[in-house]
Amino acid sequence: MTDIDKPATAAVGEVAEAGSPAPTAFLEVRDLRVHFPTDDGLVKSVDGLSFRLEKGKTLGIVGESGSGKSVTSLGIMGLHTAGQYGRRKARISGEIWLNGQELLGADPDEVRKLRGREMSMIFQDPLSALHPYYTIGRQITEAYQVHHEVAKEVARKRAVEMLDRVGIPQPDKRVDSYPHEFSGGMRQRAMIAMSLVNNPELLIADEPTTALDVTVQAQILDLIRDLQKEFGSAVIVITHDLGVVAELADDLLVMYAGRCVERGPAEKVFYEPQHPYTWGLLGSMPRIDRDQTDRLIPVKGSPPSLINVPSGCAFHPRCPYADVPEGGITRTERPELRGVPGGGGHFSACHMAQEDRTRIWTEEIAPKL
Amino acid sequence: MTVPEQATTTPEPLLTVSGLVKHFPIKKGLLQRQTGAVQAVDGLDFDVRPGETLGVVGESGCGKSTMGRLITRLLEPTSGKIEFEGKDITHLGTAAMRPMRRDVQMIFQDPYSSLNPRHTVGAIVGAPFRLQGVTPEGGIKAEVQRLLALVGLNPEHYNRYPHEFSGGQRQRIGIARALALKPKLVVADEPVSALDVSIQAQVVNLLDDLQDELGLTYVIIAHDLSVIRHVSDRIAVMYLGKIVELADRRALYETPMHPYTTALLSAVPVPDPRRRARRERILLKGDVPSPISPPSGCRFHTRCWKATEVCKREEPPLVALATGHQVACHHPENAPGQAPGQVAGPVRSATKKTES
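Read top to bottom, the protein sequences are chains A and B.
The numbers in the first sequence follow numbering that gives the first Met the number 0, run straight up by one, and end at 368.
The numbers in the second sequence follow numbering that gives the first Met the number 0, run straight up by one, and end at 355.
Hints were generated in silico from the structure; no laboratory data involved.
If you're wondering where the values come from, they're calculated on a predicted model, not measured in any experiment.
Where a beta carbon is used, it is the ideal one built from N, C-alpha and C, also for glycine.
No false leads were slipped in.
Under 8 angstroms between C-beta atoms, here's a sample of chain B residues computed to sit facing chain A:
1. 199
2. 207
3. 286
Just chain B, with the same shape it has in the complex (with noise of 0.2 angstroms):
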């Protein structure tokens, strides 16, 4: 149990990832080699603040769910290191585990394949005091309908199925489960994604008022970046396992310094159709690679429309600027006096370069 030495500023981070890699190994043939690895991800460096909202946001396949996994100890790391409160929880057993669990939970994207459609509603959000053994006060019955009515729900269907339920409701029994052991860390992967425009709205509100209400620490992740821009504090943008930019929510969306996140910005339907005619849109060419064999260099160069030489030979590491922005780029975007020589300093350990 190391506390290590932080090179950012504010102290006791919550979580605490270095390093973080997971390889899915790819295997052939009848002995079952391994011939290569789908680099999911492949070296993140981050931390998540007590009290904050760390948004992640990427396109399809950039690992994004991934590192959801593995700070939830879903997955075993390949490689790195995650700490939970100053605890090296990298590579916990199951039963070492278990009492972690307690503190970080997980709110799923699809309200219907996570909930068992043969337990009640009651048995659902009941589970993870049967499962840690705690016996809230009042007893489990009661204090499950006093999580319904704490997340918008009738404390009287505690009896019903979940087939019973709208996708909204269903995704407020999700977060109700999730809220049951009161955990310090919760991780939404995709939260309102599946649900439609006007009850989206009403999930990304309570996630609002409950982390008022209950202090709660999230890292929410989607793909959406309307909705990453309205409940995030922090957010980190990865492209194909890495982590291209970290920064506050204004400098992110008003000065990205990340070439692929300027894209990325310009690329959302605003909806204002007076703004169509003059808004300056970056079209990327082609698509994102393959995580099996990704770019050499800084693994964006294939797309990116300032690439040099440098690009493809070096891989940028992500390094913080005085501002406190975070970019892995060799040419910024928006920076003024903030050439990649004038940085405050590596984020934490050196970024290793990839294998080429």
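Bound-form chain A, shown alone (with noise of 0.2 angstroms):
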């Protein structure tokens, strides 16, 4: 762990700063900066994140490649420090409280054993993420057995509980089948079976069903949220896919270049949203749900790089509103996440004035959707 120059600015909505108390939410983020050096200059993947989430609950963090969601959830998980990647070696500064108990600065020893049992995670790509060589069955008792003390029967019997629970079909026999024997959607299962097997109270799902065919996606969002109310975790989903949020989240993270933008009740950012870079998110989706016959509304260029982050409003350059607040203020200073009037929860980082957002999202945005 580094300490990072901090900037006056931290932006944090209704999550305490850092170096307060512990806090009573079940998981705190408070302002994580994760930055990688490399040859080229530091990358900024994450750059002041604050977020909370209790049990039985589910935060969507939604945002476009390298908007940093992936590595949020890396090092939340603790696994940016764990192996030995010499200087390539991130850079973390913040707080993360998981019941209680701080995790950035504990030991990785008492890290490690909370990976896996408290905290799981599910990747996106069930292939690369279970080992080729060894069987389903030995890799969920693996994962049962490291914290665990028990037979190898009892933890074959686990496994075989996990995978009947995650709906493979003959369970008993499926354990000794190896990961390419089973199709997408059943390793999808195999590995939600293997992250669920201690009962973990958080769980981190990285784009769960993006590598998966929409039925079977569909198979996987009921399985998530089943297994959420049977186990009262809390969940965190990582999408690019706005419609995979509305079907899970209650809560919900936009991420532009490493920041939050904007944050809320998911019912808030989808039906009032205020940032202009979710206003652009949801125009530039084609909807399945109505006949359009106009044209889509993207955001003009391209996501920015994070070594050189644009001054100002990170979404500056792409936003068509960038000159409603007066004096060039977008350009220079980067907005700090404040709450909306009356949102109940709902922060938004953006310069222009309450008015103005509500104006333009009403009477320019929200009729072309």
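Since each chain sits alone in its own frame, please combine them into the complex, following the hints.
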């Protein structure tokens, strides 16, 4: 863990500033920064991210590639500093509180005990996340035996039980199959079984259905929802697909260039979005549920390099409303995450005045969606 | 060069496909004897009308990409017939096919692997002219720069290499290359699936604009039902090498008739949290069966909740209803007074039975 120069403004929202006493929330991330030194410069993948999550709730993190969503999840899992990557090692700062315990400053051995037991992860591509050389059963029992001192038979029974729970037919036979003998959907189920074998309280699903076909995706989304109800865990779903978060998430966090641009209850973010980037995402998406004959409204340009993040508001070069606030403030000053009046936990990082935002959304954007 | 009789109402389709089959042999042993075949595409009948966009949608392994490669003749069909502007191109050789290649172009999925990293953008977009021996008015360079401007790239980037561009820009380069020879038909295989949401919308709009401007005909292959709904005029839904339903966009999305289409549409997550509670989702059991030994009768019967004995025994032909909706099902949905007996007639040749 390395200290990084912190800018004067820390985007926190209702989350306490770093250094405050332990939170009451189940998971609280405070001012998380993950930077990677490279030959070309410092890549600021996550740059001051804060959020909280209670048990039994689902947080959706949405953003495009390179917005820092996966880096955030690996940061929470403590996987950036776990390996031996030499000079590529990430620089992480901030605080991650899980169940009253701070993880970033904790002993790596302590975090290892939590990883897989209290918090676990479902990865995007099950074929590369599962070891091709070992049977599914062996990989699940290993995950179980790392945290429980039980006999092989007990662990195996537990693996069969989990495979059954995630809907794999003939689990007592399939437990001895290798990953290549499973279809894509079955592999994803097996990975979910593996991540849930220790009844974790926090489950991070990083693009859990992106590699899957739509009918299988529906099965997996249902499975995640059912399992959450059953186990009461906190779930973070990371995706680029607004449809997937609309299905699962209670709260939504929209990321752009390593920062949170908007955060709030899913209903608020979908129906009263406050940030032009969120408008852009909603306008870019073709809709299956209506007959759209008009053109899509894309965001112009492409996402910025994380080495040279634009000054001021990182979104300003692509924002059609960058000149609405006076005095070129969007180019010079980074907007803070501020509460939306009457928003009930709805935050947005935009320089535009509230009236302007409401007017633009209701008059210009919403009618075209 | 026979002009076939058309059962469909629209005259002069640009592309007509009948009974198209592609089986990839599976060979085993020392003698490389054929032990089976992957029935990737197994009897397709459809046509593409000038100026329209035909969307082809289906899950992985349903044969939609193979179909795209067959109609562009990048793969040799096992049997069936492909006619382009009334000309039979099913088994034309490389040389005979070359003049046709001007008229049929392809846009590929992956903007990274479909551009040669050692060629400049100018060389890539100019390649079609050199291969076809065409000298456009004003020379190749001027024409390439015009094309780059047309797809929204800076013409001054003529001398840059693909790695200097982002994914969305590369896809634009691929589109410029496909449009170089003013093709009549453009086949796009997953043109936006590798792109981010905001960039995806830019490319979808570009394809739209180019169609209006140049009068292009598209066959767009994609797995994303939302994208397909946005871009297509007519849509074909494929399952295990067959078209199970083909209809106008509105008809397909509002009154889908094949149970598979219904299930597929209900499975798509809608970006609308309020609908989460009240939507009904049809969850299909299990996975898509292997195309090496597809199920008997209707290929969907193993996963279909409406399946009866007849579905296991007999393969339903793709029939056109009075509304123009084509569906291959013994028990179609949304079909009041449109029971399978009351059809307008078979689509074209009678669909062949599956080999048992």
